[in-house]
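Trainee: Sequence:
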Amino acid sequence: MSTKYILIVHGEPFSIFSEVLGKYFIKKRKFKKKIIIIGNKQLLKKQLKKLKYNFPLNEIKNYLDSEINSINIININFSHKKIFSNISRKSNKYIEDCFKKSLDIIKSNNDFILINGPISKKTFLNKKYSGITEYLSQKTNSRDEVMLIYNNKLSVTPLSTHIPIKNVTRQVKKDRIVKNVINIDNFYKNILKKESKVAVLGLNPHCETTDKFSEEDKIIKPSINYLKKKGLNISGPFSADTFFIKKNLSKYNVVLGMYHDQVLTPMKTLFNFDAINITLGLPFIRISPDHGPNSEMAGKNKSDPSSFFYAMEFAEKIR
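In the working numbering, the protein residues as written are 7 to 325.
Keep in mind that a hint or two might mislead.
As a list, the in silico SDA-like pairs of lysine to any residue whose alpha-carbon atoms are at most 20 Å apart [unchecked claim]:
1. K29 <-> M303
2. K106 <-> Y135
3. K47 <-> Y59
4. K106 <-> S85
5. K39 <-> E319
6. K180 <-> N239
7. K306 <-> L54
8. K227 <-> D217
9. K29 <-> N60
10. K113 <-> N68
For the record, the hints were derived by calculation from the structure and aren't laboratory data.
Please construct the entire structure, taking both the sequences and the accompanying hints into account.
Mentor: Okay, structure coming up:
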């Protein structure tokens, strides 16, 4: 795979992302890949100026005109009256246009990595999609998307993503477990050039249930046994309440959980923002910094940019 460009979708315009971009591009001026921001140039310049981050934006019409070691930007129209404001549905068309432009560019070849700024699930997705992972999957006609929260020491992946907890059991299926683990294993082998060592968590407390149907016995264990026969390094199911201790973490580099907070809560406790959200199963690699829009902090210059630094560092390394 050849990746020559990093496309950065501005995302929610009234978020902390402009500040995060400012903190990164003030420190980093040389890049291995061509950087192209998809967003409104005028708004971004005003936000950066207010935050006292001043650097040139090279406006281009076509990605082929982008220059190395420049912060290139393809302008997306957006009527804005304020530099910072509250998040609302008024930004939806702008966000949609940013994603559409980036996906149109990516369709031309496979030289791109996509990084998107944070999006408000409440206002932009509006119950139609459970997350940006699912949004991009639908827009690219993909069916095998996997959310991987990645750190080079440990990654976690939830079998179900942004759905109500009462619906989680519907997602616990053998074919879904098998597909997700195989996708992750391929990513580790082909992109990261290392072996995946996967631990699988149970659904129920202590991997036990008083119910007649045990997901651990009927679904999770058979899935693990099937994958072992395929030659994958995988173990479990483990009880989630005691898994995330040093003794266990030294043996595995990927943890598959059954639902979002089962694995993301300990992951963020262990690594804070030193992790990124990678979507596997799309026609391209998509990375998202592991933080939300946090509009209450927008314009205050107090946000932690470490996850975006990690995202860019990771994207720059991919060949």
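Trainee: Hints first: check each against the structure and report whether it holds.
Mentor: Against the structure, the hints come out as follows:
Pair hint K29 plus M303 holds up; C-alpha atoms about 15 Å apart against a cutoff of 20 Å. Between K106 and Y135, the direct Cα distance comes to roughly 16 Å. Compliance with the 20 Å bound is thereby established for this hinted pair. Only pairs whose Cα atoms come within 20 Å are accepted, and K47 paired with Y59 is accepted, the gap being roughly 14 Å. Note on K106 and S85: the hinted pairing holds, with a Cα-Cα distance of about 18 Å set against a maximum of 20 Å.
Taking the CA atoms of K39 and E319, the gap is near 11 Å; set against the 20 Å cutoff, the hint holds. Using a Cα cut-off of 20 Å, the hinted pair K180 and N239 holds, with the two alpha carbons roughly 17 Å apart. For a cut-off of 20 Å, the pair hint linking K306 to L54 stands: about 12 Å separates their Cα positions. Between the alpha carbons of K227 and D217 the distance comes to roughly 17 Å, so the proposed pair stays at or under 20 Å and holds.
A hinted pair counts as satisfied when its Cα atoms are at most 20 Å apart, and K29 with N60 qualifies at roughly 10 Å. Of the supplied pair hints, the one linking K113 and N68 holds, its CA atoms being roughly 14 Å apart against a limit of 20 Å.
Hint violations for this structure: none, all hints satisfied.
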